[in-house]
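Trainee: The lines below spell out each chain.
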Amino acid sequence: DQQVKQNSPSLSVQEGRISILNCDYTNSMFDYFLWYKKYPAEGPTFLISISSIKDKNEDGRFTVFLNKSAKHLSLHIVPSQPGDSAVYFCAASPNFNKFYFGSGTKLNVKP
Amino acid sequence: DGGITQSPKYLFRKEGQNVTLSCEQNLNHDAMYWYRQDPGQGLRLIYYSQIVNDFQKGDIAEGYSVSREKKESFPLTVTSAQKNPTAFYLCASSSGGAIYEQYFGPGTRLTVT
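Residue numbers (the working numbering), protein chains in the order written: chain S, 1 to 111; chain U, 1 to 113.
Hints are computed from structural coordinates only; laboratory data are not their basis. Cβ coordinates follow ideal geometry from the N, Cα and C atoms, glycine included. One should not assume that every hint holds.
What the hints assert, rightly or not - Derived lysine-lysine pairs resembling BS3-like cross-links, with alpha carbons at most 30 Å apart:
| hint | chain 1 | residue 1 | chain 2 | residue 2 |
| --- | --- | --- | --- | --- |
| 1 | S | Lys-71 | U | Lys-57 |
| 2 | U | Lys-83 | S | Lys-98 |
| 3 | U | Lys-57 | U | Lys-83 |
| 4 | S | Lys-110 | S | Lys-98 |
Stated by the list, open to error - The following residues of chain S were derived to be distant from chain U, with all beta-carbon distances above 10 Å:
| hint | residue |
| --- | --- |
| 5 | Gln-6 |
| 6 | Val-13 |
| 7 | Gln-14 |
| 8 | Met-29 |
| 9 | Glu-42 |
| 10 | Thr-63 |
| 11 | Ala-91 |
| 12 | Lys-98 |
| 13 | Ser-103 |
| 14 | Asn-108 |
| 15 | Pro-111 |
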């Protein structure tokens, strides 16, 4: 049973607009959350993280929001750029070791 | 440059043969991980190691084996017991502890026919 779900397999956004990628999890013990970006035939690249003691973390154009009561996190990219086109994975863990990954959302930013 | 290397990038094997995938890191990270990715799916954890000479099974360890004799190296052997070995394999490492972000290698695509 998948403990981390990304229900949107794909998302298309116009350049300059906001991209919002969503992620839901089922395990209330998850305390650490990561977002990764992945290009085809390459390893994922770490983007941004958040722990459960916070509800928001920002790094440049990337902001992650965590809603623990809803078991939901989201990644906002503002403004979106064509180079952001990739597959985005969220991951969650109850500790520092074993992370569970979602199935990914393919973002296409149109020029 | 510090990083994680995986070799080879593409690997072809005949069914029934064991094959070992290499993973090396020079980041001085304590923890290392092996994941498998199949089309349309997320990454699934095969094995992980938090320290030299110690490792734990992940969610899909059956048909795989690992060793962690050196901090820098965490090779994965795909044995003939693995029913569906064709996949994209990713190695990752992290500092461990409170610094939990994992850094990934470029991956190895294994095809078994």
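Trainee: Against each hint, give a clear statement of whether it holds in the structure.
Mentor: Against the structure, the hints come out as follows:
| no. | hint | in the structure |
| --- | --- | --- |
| 1 | S:Lys-71 <-> U:Lys-57 | holds (26 Å) |
| 2 | U:Lys-83 <-> S:Lys-98 | holds (24 Å) |
| 3 | U:Lys-57 <-> U:Lys-83 | holds (17 Å) |
| 4 | S:Lys-110 <-> S:Lys-98 | violated (35 Å) |
| 5 | Gln-6 | violated (8 Å) |
| 6 | Val-13 | holds (21 Å) |
| 7 | Gln-14 | holds (26 Å) |
| 8 | Met-29 | holds (15 Å) |
| 9 | Glu-42 | violated (6 Å) |
| 10 | Thr-63 | holds (17 Å) |
| 11 | Ala-91 | violated (8 Å) |
| 12 | Lys-98 | violated (6 Å) |
| 13 | Ser-103 | violated (4 Å) |
| 14 | Asn-108 | holds (17 Å) |
| 15 | Pro-111 | holds (27 Å) |
When the structure is compared with the earlier hints, violations turn up for hints 4, 5, 9, 11, 12, 13 and for no others.
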